[in-house]
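Residue numbers (my numbering), protein chains in the order written: chain A, 1 to 437; chain B, 1 to 314; chain C, 1 to 307.
FYI, nobody ran anything at the bench for these hints, they're computed from the structure. Any given hint could turn out to be false.
Only pairs whose alpha carbons sit at most 20 angstroms apart, straight line, appear in this in silico EDC-like list of lysine to aspartate or glutamate [what the hints assert, rightly or not]:
| id | chain 1 | residue 1 | chain 2 | residue 2 |
| --- | --- | --- | --- | --- |
| 1 | A | K318 | A | E293 |
| 2 | A | K189 | A | D243 |
| 3 | A | K333 | A | E271 |
| 4 | A | K142 | B | D132 |
| 5 | A | K142 | B | D146 |
| 6 | A | K188 | B | D153 |
| 7 | A | K333 | A | E356 |
| 8 | C | K92 | C | D239 |
| 9 | A | K434 | A | E422 |
| 10 | A | K221 | B | D146 |
| 11 | A | K188 | A | E220 |
| 12 | A | K221 | A | D205 |
| 13 | A | K237 | A | D283 |
| 14 | A | K434 | B | E194 |
| 15 | A | K189 | A | E220 |
| 16 | A | K314 | A | D290 |
| 17 | A | K368 | A | D334 |
| 18 | A | K333 | C | E195 |
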Amino acid sequence: MKKDSLTQTSATSPQRRKVIKSLAAGTALAAGASSLPLVSHYAQAQSSAPIKIGFQVHRTGIGAAYGRWYDRTTKAAVAKINAEGGINGRPVEIVAEDDGTDAKRGAEVVEKLASQHNCDLAFGTLFSHVVIGSAPRAGELKIPYFVVSEGHHVASGMLNRYTLQPGITDVKSQVQAMAPFVTSTLGKKITMIYPDFAFGHDHRDYFSAAVEAQGGQIVEKIAIPPTETSFTKYFPKIPRDTDVIYHVMVGPAVLTFVKEMGEFFGRSRPEIFGFIDSLEAVDLNSPGLDFLEGTYFWEGNPRYAQADQSDYDKAYRKAVGVDANGASVSDSKDVSTYAHMFGCWETLHIIKAGMEASGYRGPQDRAKLIEAVEAMREMPHSYAHPQGAKLFNGKTHQTFGHQYITQVQSGRLVLAHTTSIEDTFYPDEVDYTKQSF
Amino acid sequence: MTVRQKSWALHLGLLAALFGLQFILPTYHHGSLARVMVLACYAMGYNILFGYVGLLSLGHALFFATGMYGMGLVIQHLGWPAGPALLAGLAAGFGMALTVGILALRTSGVAFMIVTLMFAQAGYLAALYFGDYTRGDEGFVIQQADRVLAGFDLSDPTNRYFAALLLFGICLVLTLRLVEARFGQVLVAIRENEERTRMLGYDIHRHKLAAVVASGTMAAFAGAAYGLLFGYAGATFASVQYSIFPLLWVLLGGAGTVIGPFIGTLFMFYLIDLSSGITSAYMLIAGVVLVLLTLFAPQGLAGEVRRRRVKWLP
Amino acid sequence: MELGPYLILGFLEGLVTAAVLSLMAVGLSLVFGVMRVVNVAHGEFFMIGAVLAWQIASMTGGHPALGFLAALVFAPLLAAVLAMAADQLVLKRIAYDPERTIVATIGLLYIIQQTVLMTYGPDARPLEALLMSALSILFVNGQKAAFLFIGPGLGTTSYKLAVIGAAMVLLAAIWALMTRTRFGLLMRATQLDREMAQAFAIPVNRVYALVFGLGAGLAALGGVLIVPIQQAHYLMGHDPLLLSFIVVIIGGLGSLPGTVVAALLIGVSDGIISVFFTPTLAKIIATLGVAFVLIFRPQGLFGKRAL
């Protein structure tokens with residue numbers, strides 16, 4: 001309220017009003033009764049002001065490698081949207097603020113985007129602790145908050161009506177969709193290795209439940225403490241009768257983890273199934289990774305261009321500047337976070353669709369925008385959704401989609417299996433549409 | 001005016017100014033100031049131990065997080081209302097400070113730094129280890145419905161500002177009283193010359209323990225309030241970084257001054273906030289400013305003011 | 001789970017950790033002991049060593065080993081020069097005041113991290129070194145007795161053994177430097193009594209600059225040695241800083257043998273404790289163990305004076 005009165009006085013200061021008046025008068029004098037076009041011209045200038053999308057980005061801190069590619073993808077998507085005429089005829093402007101991959105700073109950044117930059121909405125957060133730390137503030141400030149995090153926090157009902165995750169599937173979906181493939185193709189006795197924090201616990205809980213439902217068995221669960229930098233000492237805990245290693249790791253030490261796993265097993269490894277998070281933004285041909293040949297990965301979106309690559313993926317890859325090996329076109333050593341960053345591209349297109357469906361004009365229409373997104377259901381495979389078709393659940397604010405399993409063949413990740421969307425379903429845990437705005 | 005009157009006029013004046021500011025501040029700064037006030041309480045708590053007793057702790061995040069989890073967990077798992085939960089956080093902080101104090105005060109100097117650091121690390125790891133209750137690094141949301149204290153919805157900006165100001169006022173006045181009291185003067189005497197104070201017949205250990213408990217409890221109070229006002233509790237707040245912050249704020253604002261922690265916290269917040277508006281390399285600016293400050297304001301901002309001008313500043 | 005191989009692997013891994021840690025901690029201990037300041041940016045010099053190693057190795061053509069050897073020489077030198085510049089520009093001017101040094105080195109930490117982030121980027125980059133052949137541990141009867149041999153199987157790499165060897169040689173060199181050279185004598189004199197050293201016309205300021213450079217150089221050397229195992233990343237300095245700080249205090253301030261023993265103790269116990277508990281619980285226990293050692297022996301294991 002205080003802020004409103006301030007901006008109003010500064011925006012339409014008496015002098016400015018005088019200038020406009022005299023201008024109008026002058027034009028009226030010159031063109032007689034045709035002062036009307038000037039008024040409409042002014043109104044159009046108002047409505048063609050850019051739509052401001054606040055981008056909460058991990059530029060520093062442990063999320064920086066992801067943040068850089070989220071940034072590039074976002075820029076590419078906005079360039080495309082603007083080239084195609086913007087949203088409701090208005091250009092889109094990105095206001096980026098670094099959150100340092102920190103929960104406290106994240107909340108401050110959402111406040112800054114909402115109250116100081118007057119953004120129409122906030123978008124783009126990846127790390128779960130930042131999302132969960134920021135979402136309460138987004139709800140209080142009543143600013144739509146579109147996260148690209150793959151956490152289960154949105155669909156679990158922990159957050160609020162203003163927080164949505166329409167552009168990327170969540171960990172619960174991803175993990176449970178992997179279980180049938182792992183148990184039927186690779187083996188029934190599985191050892192899980194995961195980081196000892198919430199993200200890892202989600203893997204542990206949802207995957208073991210799904211495996212047991214398939215008749216498999218988790219023979220050992222190895223939780224690695226965070227900030228660990230050497231891993232060899234944990235590998236002897238892997239039981240000898242293990243058929244399959246299921247691994248997922250995050251953070252800067254991921255390559256060490258995978259490499260030391262290779263050193264540990266030598267040439268007599270069991271089957272290995274990993275989440276690409278363990279090697280996201282890491283070159284698959286780094287020294288010490290040869291042992292991965294023949295192993296499998298979950299990928300949100302296949303890093304290497306596949307034989308049956310769609311035109312959509314081709315166009316998306318080109319726009320972001322990623323080559324057929326998933327690295328930057330300008331530096332083949334600069335590997336992208338391809339399995340996750342499509343979420344930014346798709347979310348921005350969903351925002352566009354939502355704003356156009358609701359006739360969004362400004363912050364007063366935020367609730368309408370959310371209702372419009374909640375009403376969405378099918379998102380077909382298209383230029384807006386290059387990763388694949390999706391089904392959005394408006395009640396849980398979470399999207400569901402295909403998952404990809406690729407196999408390492410001659411140092412490339414080659415598609416081995418695509419799950420159906422139905423494989424990723426689970427019963428609703430919340431109905432956000434029942435909450436008031 | 002006597003020195004005492006001047007000092008009360010200054011600090012009550014600060015509270016009055018903070019009260020008045022809320023009517024003119026734009027929304028963003030209004031919210032930020034509420035945040036800074038709560039964090040300043042954390043820094044004030046730290047300052048009791050560091051500024052007045054001269055004990056450098058590297059583990060105060062343990063107390064901040066204990067307050068935050070003590071409050072958050074009883075809401076999350078036992079469904080306690082906000083008021084009792086706040087007290088639970090306070091009590092947890094008191095118990096933790098007492099335990100850590102009894103153990104860590106067997107050491108001093110660098111060993112005290114390491115012992116507090118280790119306890120805080122163990123606390124951080126415990127928050128992760130008991131992830132089934134705490135959700136580890138991700139943390140959990142304290143829902144808006146649970147954040148109603150005595151009929152006031154703390155998620156409302158005005159209420160939040162008032163609550164933060166109230167908390168800040170309590171901590172500020174308590175610190176001021178403490179500094180003026182005989183107790184506070186003994187603490188300073190310990191800082192200046194522990195042996196001499198002992199020979200004067202003071203029980204050093206009891207005074208130090210009381211200071212650790214006061215310091216830790218105030219930090220826990222700030223942590224509990226922070227969680228309640230901003231709706232989130234997570235292991236981030238237990239990490240080493242959050243033990244370093246109050247040290248930095250206090251050193252910047254002026255160790256051993258009552259107003260210093262607030263100034264340091266405010267300064268650091270806006271240093272990061274404003275420089276991140278100018279460039280994405282804001283840490284570079286922050287780093288250079290820190291180095292320059294140590295060169296040109298060695299006693300911290302309020303400390304310099306005291307050294308050069310206002311000799312009576314408590 | 002077989003206990004034998006687990007213990008051997010845990011022990012070996014612990015030795016590698018201890019090797020790198022002791023280099024870093026000896027550097028920190030020198031700075032701490034001689035100059036009486038806590039260098040919060042010490043971990044950043046470790047990181048700079050690793051990052052420079054990657055830069056130097058990728059600039060050097062030819063066999064990867066060549067680049068790595070060049071990095072071993074030049075990365076610590078560059079880090080030392082940088083540290084000496086920081087000492088002359090900042091620390092000297094604040095008269096090595098302990099509290100102001102903390103703030104100044106936090107500032108330095110921000111500057112170094114951001115500069116590396118802007119130039120080198122946020123990725124963890126690997127480096128190929130020499131002696132990367134896989135080493136294996138052969139288990140007789142599946143447990144207990146074990147032999148090391150080169151070849152495929154369960155195991156680790158020979159590079160890790162080389163790191164342990166290199167650290168031993170370097171520590172011996174530091175020991176010789178401290179006890180057999182004139183510079184070592186000057187350092188020890190300054191450490192014992194700064195005023196007295198000054199009175200005896202020891203150029204204390206120059207000694208300080210050299211010690212600060214030496215400390216940073218040792219940290220950087222540890223960084224270079226670790227890159228082939230752990231990659232270079234701009235945030236990698238954080239944990240080693242804490243660990244080496246702990247090692248210095250546990251070992252006893254100013255005692256080089258104490259520092260090395262403490263590094264061994266902490267590195268190896270980390271590996272061994274995780275045999276009996278789940279990993280995170282093991283870390284909690286090890287952390288509390290350090291706290292209780294100091295509670296009952298505040299001067300550290302080998303410290304002579306009460307602190």
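Each hint, compared with the structure:
1. A:K318 x A:E293: Outside the cut-off at roughly 28 angstroms; violated.
2. A:K189 x A:D243: holds, 5 angstroms
3. A:K333 x A:E271: violated, 28 angstroms
4. A:K142 x B:D132: violated, 30 angstroms
5. A:K142 x B:D146: Within the cut-off at roughly 18 angstroms; holds.
6. A:K188 x B:D153: Given pair K188 (chain A), D153 (chain B) is violated - Cα atoms ~52 angstroms apart, limit 20 angstroms.
7. A:K333 x A:E356: Distance of about 39 angstroms is beyond 20 angstroms: violated.
8. C:K92 x C:D239: violated, 27 angstroms
9. A:K434 x A:E422: violated, 25 angstroms
10. A:K221 x B:D146: Since the Cα atoms of K221 (chain A) and D146 (chain B) sit roughly 35 angstroms apart, the hinted pair is violated (cutoff 20 angstroms).
11. A:K188 x A:E220: Distance ~12 angstroms between K188 (chain A) and E220 (chain A) Cα, so the pair holds.
12. A:K221 x A:D205: Distance ~10 angstroms between K221 (chain A) and D205 (chain A) Cα, so the pair holds.
13. A:K237 x A:D283: violated, 28 angstroms
14. A:K434 x B:E194: Roughly 63 angstroms between the alpha carbons, so the hint for K434 (chain A) and E194 (chain B) is violated.
15. A:K189 x A:E220: holds, 9 angstroms
16. A:K314 x A:D290: Outside the cut-off at roughly 28 angstroms; violated.
17. A:K368 x A:D334: violated, 40 angstroms
18. A:K333 x C:E195: violated, 54 angstroms
Checked against the numbered hints above, the structure violates hints 1, 3, 4, 6, 7, 8, 9, 10, 13, 14, 16, 17, 18; every other hint is satisfied.
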